[in-house]
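A.B. asks: Sequence:
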Amino acid sequence: MPRHASLAPSATPATRTCGRLAAAVLLLALTACATGTSKTSPANDAFVAKVQRECGTKHLGALSVNDLMNVVSPRYSAYFVEITARYGQGALSWTDYVRGVMTVNGGGGSESAGLTCIQAQKP
18 MPRHASLAPS ATPATRTCGR LAAAVLLLAL TACATGTSKT SPANDAFVAK
68 VQRECGTKHL GALSVNDLMN VVSPRYSAYF VEITARYGQG ALSWTDYVRG
118 VMTVNGGGGS ESAGLTCIQA QKP
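Converting from the sequence shown to the numbering used here requires adding 17 to each position, the first position being numbered 1.
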């Protein structure tokens with residue numbers, strides 16, 4: 018009998034939720050790599066730069082947009098930058114973008130000042 022099979026009956030709902038969340042994040046990451054949408058372009062770079070310039074001081078939960086986008090920040094998140102670029106190019110819907118942001122740090126909810134500002138930057 019595989020070792021993990023004995024753990025399944027005692028898994029808590031929180032453990033199962035974390036497992037599902039990890040699977041969703043992995044799927045999103047693999048999809049980004051498979052479709053080639055992670056390639057940089059002037060339009061992607063311009064949208065990300067605009068978000069950082071206009072929304073940098075706004076918060077997504079405990080972290081600001083600058084915390085997540087500034088490469089010298091200890092809280093920098095390449096994933097956040099990537100999904101922001103994908104949202105800017107139309108590869109992610111608003112709903113999917115918000116779900117992705119929530120995986121970074123809880124995101125502060127879909128009504129956070131940071132998310133509201135980011136949404137306003139999209140033409």
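Mixed in with the good hints, there may be bad ones.
To be verified - For lysine to aspartate or glutamate, the following EDC-like pairs were computed, each having C-alpha atoms within a straight-line distance of at most 20 Å: (1) 139 with 71; (2) 139 with 128; (3) 139 with 113; (4) 139 with 99; (5) 67 with 99; (6) 75 with 99; (7) 67 with 84; (8) 139 with 62; (9) 75 with 128.
Quick caveat, the hints were computed from the structure, so don't treat them as lab data.
Keep in mind the model is a prediction, meaning the values are calculated, not measured.
A.B. asks: Run every hint past the structure and note whether it holds.
C.D. replies: Results of checking the hints against the structure:
1. 139 with 71: holds (12 Å)
2. 139 with 128: Judged against 20 Å, a Cα distance of about 16 Å means the pair holds.
3. 139 with 113: holds (15 Å)
4. 139 with 99: holds (15 Å)
5. 67 with 99: Status holds; Cα separation ~14 Å.
6. 75 with 99: Holds: residue 75 and residue 99 sit about 18 Å apart, inside 20 Å.
7. 67 with 84: Satisfied, since the Cα-Cα distance of roughly 15 Å is no more than 20 Å.
8. 139 with 62: holds (13 Å)
9. 75 with 128: Between residue 75 and residue 128 the Cα gap is close to 12 Å, so the pair holds against 20 Å.
When the structure is compared with the earlier hints, no violation turns up for any of them.
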